[in-house]
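Construct all of the structure, not just a fragment, from the sequences and the given hints.
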Amino acid sequence: MNDPFEQFDLPVAFEVDRQQLDERFRRLQAELHPDRFVRQGDQARRMAAAVAADVNEAYAILGDDYRRALHLLERTGVAFDPERDTSQNIEFIEAQIEWRERMEEAAAARDGAALEAAGEELEQARAEARAKVADALKDPAAPAPEAKDRVLELRFFDRLLDELKRTRQNLARG
123 MNDPFEQFDL PVAFEVDRQQ LDERFRRLQA ELHPDRFVRQ GDQARRMAAA
173 VAADVNEAYA ILGDDYRRAL HLLERTGVAF DPERDTSQNI EFIEAQIEWR
223 ERMEEAAAAR DGAALEAAGE ELEQARAEAR AKVADALKDP AAPAPEAKDR
273 VLELRFFDRL LDELKRTRQN LARG
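Here my numbering runs 122 ahead of the position in the sequence shown, where the first position is 1.
List time: in silico DSBU-like cross-link candidates among lysine-lysine, alpha-carbon distance up to 35 Å:
1. K287 with K270
2. K287 with K254
3. K260 with K270
4. K254 with K270
5. K260 with K287
Honestly, the hints are just simulated from the structure, not real lab data.
Here is the structure:
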């Protein structure tokens, strides 16, 4: 895959102009639509489909804070294993345990109001984590030493918010 920033002709940065990203995505989709290659044969259609898949993946990376931050770290050679790496910040690890316990207790009690309150607090904490990632990646060519931990924290909040969403859906179903 080509570099997502290059594919979309965007500056390499954590902050991305979402409107510009969306406009360029629509333009690339139109340029690479398989119907445009009908007269050029199977190979041209397959090639366009492969490039379109590459563009879709690049768009997904650039459109997601965590994936974009991870990509920026990888560009600078920061070793990162998303499945194995965990935050080394003891205070944050303790906070993770507290967040999870709170959610589990609210879910077990089927307390929608407590889940709603936890969701609002999680959204606020995620926004703060995102701001810390943006600050740590201010210079994407030389990320701050704490950048990896900040990205791991952002991933935690994204995952916990997804878990909270599933918990709410399960409670709504009965």
